[in-house]
Amino acid sequence: MSLLEEMNQKATAQGIPLSAHLDITWRCNERCVHCYLDHHGKDEMSTAEIKDVIRQLEECGTFFLSISGGEPLLRRDCFEILEYARKLRFNVKLKTNAVMIAAKEAARLKQLGIEQVQISIYSDRPEIHDAITKLPGSLRRSLEAIRHLKAEGVKVSITNVLMKHNAASGKAVQQLAKEIGVEFFIDPTITPMLNGDRSILSLGISKKELDEVFRTEEFVGNVGEFCAPASTVDDNVLDGYSCSAGHTLAYISPSGDVFPCVQFPMPCGNLREKTFREIWWRSEALTELRSIRVRDLPTCSQCGHAGYCTRCPGLAYMEGNMRGPSSADCAKSEARTGVPSAWQLRSGHLSSNLVQIRLA
Amino acid sequence: MPTTETYLAKSTDIAARKLGDETIIMSTLDSTIFMLNPTGTAIWEAADGNATLSRIIEEKLCAEFDVPLEQASADARHFVDELAEHGILVVSDHPIPQ
Chain U
424 MSLLEEMNQK
434 ATAQGIPLSA
444 HLDITWRCNE
454 RCVHCYLDHH
464 GKDEMSTAEI
474 KDVIRQLEEC
484 GTFFLSISGG
494 EPLLRRDCFE
504 ILEYARKLRF
514 NVKLKTNAVM
524 IAAKEAARLK
534 QLGIEQVQIS
544 IYSDRPEIHD
554 AITKLPGSLR
564 RSLEAIRHLK
574 AEGVKVSITN
584 VLMKHNAASG
594 KAVQQLAKEI
604 GVEFFIDPTI
614 TPMLNGDRSI
624 LSLGISKKEL
634 DEVFRTEEFV
644 GNVGEFCAPA
654 STVDDNVLDG
664 YSCSAGHTLA
674 YISPSGDVFP
684 CVQFPMPCGN
694 LREKTFREIW
704 WRSEALTELR
714 SIRVRDLPTC
724 SQCGHAGYCT
734 RCPGLAYMEG
744 NMRGPSSADC
754 AKSEARTGVP
764 SAWQLRSGHL
774 SSNLVQIRLA
Chain E
418 MPTTETYLAK
428 STDIAARKLG
438 DETIIMSTLD
448 STIFMLNPTG
458 TAIWEAADGN
468 ATLSRIIEEK
478 LCAEFDVPLE
488 QASADARHFV
498 DELAEHGILV
508 VSDHPIPQ
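Chains as they are written, first to last, in the working numbering: chain U, 424 to 783; chain E, 418 to 515.
Mixed in with the good hints there might be a few duds.
What the hints assert, rightly or not - Cross-link-like lysine to any residue pairs, in silico, SDA-like; alpha carbons within 20 angstroms at most: (1) K510(U) to T456(E); (2) K516(U) to T429(E); (3) K433(U) to D430(E); (4) K510(U) to T440(E); (5) K578(U) to T449(E); (6) K510(U) to V507(E); (7) K435(E) to K578(U); (8) K578(U) to S444(E); (9) K578(U) to S448(E); (10) K573(U) to D430(E).
Unchecked claim - Here are the in silico distance ranges between beta carbons for each label pair: (11) D510(E) to T655(U): 17 to 25 angstroms; (12) Q515(E) to E641(U): 41 to 49 angstroms; (13) G761(U) to E481(E): 15 to 23 angstroms; (14) K697(U) to K435(E): 53 to 61 angstroms; (15) S471(E) to R718(U): 40 to 48 angstroms; (16) Q437(U) to Q515(E): 49 to 57 angstroms; (17) D438(E) to A471(U): 28 to 36 angstroms; (18) G504(E) to R454(U): 38 to 46 angstroms.
What the hints contain is simulated information worked out from the structure, not anything from laboratory work.
We put the beta carbon where it would ideally sit given N, CA and C, even for glycine.
Start from the sequences, fold in the hints, and give me the full structure.
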């Protein structure tokens, strides 16, 4: 077991919110077509309020802190907030589109000891990337920022979110990341807006395109192993839970709302009304979420994909039931293996005519 | 190898958090991760730039963990040496301003 796994296990056992995702603003200088946020700046916490939240997270044992948005650098106090978090010895990651990072900002991020800067790059072609961000020149500016960060020795990762506009961009962006010398991640999932609007889901890539992503060695490693994962659904699987959301991970919105995860907008409390400790330990919503094991999921516990499914309870929640399936993850399991999920079979959402055979 | 009269301070190039009676530390320079056990955590917490290793051994390790002085000194010097090598602890012959 790696030290990180050991740490996660201990945090889970002790109920420690080891990781927190803090959006300091939802305002943004880009208008990405697939974004799940409204870009209003209403009710944003003040600098003092955000510092107090960070101090509370430190008291509760949070170690990994992602500062994000919106575009976090639109706040004039962004560096002050980062500095405060580093002073309290957090491992800090910054999620940004980076268009406001020039040489001076890159040097400051290095000096602060930011663990990683995470940037979305949608294509190696400006006409595609900029059409998604709706900010002319954004690809050029983001790439310039990455070069400044690299020159300072700051770790950078690129995430390539796939949608209709850039479905074929993965390999080129991966090559670009390799040339610049930064980490690369590919994400084929478009998620609904936090306000429940699901219209942006229509921007997602097709089943055929998802099949292709999952059969590309550069993205998934050994295709044979990825597409034919071990399928045992035993007590270890059934006694487990879907992900760390609400167990060791918390999300905090710019106005102080606490959710289990940024993709799981289940209200747990607001930090202007209660302390983080009170919300984390006493919220009925979090208590209920933590009680759910895979065996408590009516459909998913009966599904042969349960052992390796990437089921997102937040997406399930946004579909109406956090104990239900996340149809996007059913589609991924089907794309990986060619076999429909239990939910797809029951609901008729089928794109193949295979069935699951469950051994007693 | 540090002597027992070495002053210890926490580096600023780290992220750290106490989990129960253990401490997770990650270097921001090379992302090396350490998990300190309770005795390592006691040394880490006492490393305020003003305490010498001998004082930490005497007041923390021997007193709180019931470890013989000789064994505590050898283990602590080895521990400090390793953490200093990775830039996690700062060591000096003089007090270290924090």
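Here's how the hints hold up against the structure:
1. Between K510(U) and T456(E), the direct Cα distance comes to roughly 24 angstroms. Violation of the 20 angstroms bound is thereby established for this hinted pair.
2. With a C-alpha separation of about 17 angstroms, the suggested pairing of K516(U) with T429(E) holds against the 20 angstroms cut-off.
3. For a cut-off of 20 angstroms, the pair hint linking K433(U) to D430(E) is broken: about 24 angstroms separates their Cα positions.
4. The hinted pair formed by K510(U) and T440(E) meets the criterion: a straight-line CA distance of about 17 angstroms does not exceed 20 angstroms.
5. Restraint check for K578(U) and T449(E): satisfied, since their Cα atoms lie roughly 14 angstroms apart, inside the 20 angstroms limit.
6. Restraint check: the Cα-Cα separation between K510(U) and V507(E) comes to about 17 angstroms, which is no more than 20 angstroms; the hinted pair holds.
7. Between K435(E) and K578(U), the direct Cα distance comes to roughly 25 angstroms. Violation of the 20 angstroms bound is thereby established for this hinted pair.
8. Distance hint between K578(U) and S444(E) is fulfilled; the C-alpha atoms sit about 13 angstroms from each other, no more than 20 angstroms.
9. For the suggested pair K578(U) and S448(E), the alpha carbons sit about 10 angstroms apart, so the restraint of at most 20 angstroms is met.
10. Restraint check for K573(U) and D430(E): the C-alpha separation of about 18 angstroms stays at or below 20 angstroms, so the hint holds.
11. Separated by about 59 angstroms at the C-beta atoms, D510(E) and T655(U) break the suggested range of 17 to 25 angstroms.
12. A hinted range of 41 to 49 angstroms holds for the C-beta pair Q515(E) and E641(U), which are about 47 angstroms apart.
13. For G761(U) and E481(E), the Cβ-Cβ distance of about 60 angstroms falls outside the hinted range of 15 to 23 angstroms, so the restraint is violated.
14. Between K697(U) and K435(E) the CB atoms are about 24 angstroms apart, so this pair departs from the stated range of 53 to 61 angstroms.
15. A hinted range of 40 to 48 angstroms for the beta carbons of S471(E) and R718(U) is inconsistent with their spacing of about 55 angstroms.
16. Our hint of 49 to 57 angstroms for Q437(U) and Q515(E) is violated, since their Cβ atoms are close to 29 angstroms apart.
17. The hinted range of 28 to 36 angstroms is satisfied by D438(E) and A471(U), whose Cβ atoms lie roughly 33 angstroms apart.
18. At roughly 42 angstroms, the beta-carbon separation of G504(E) and R454(U) lies within the given 38 to 46 angstroms, and the hint holds.
Hint compliance for this structure: hints 1, 3, 7, 11, 13, 14, 15, 16 are not met, and every other hint is.
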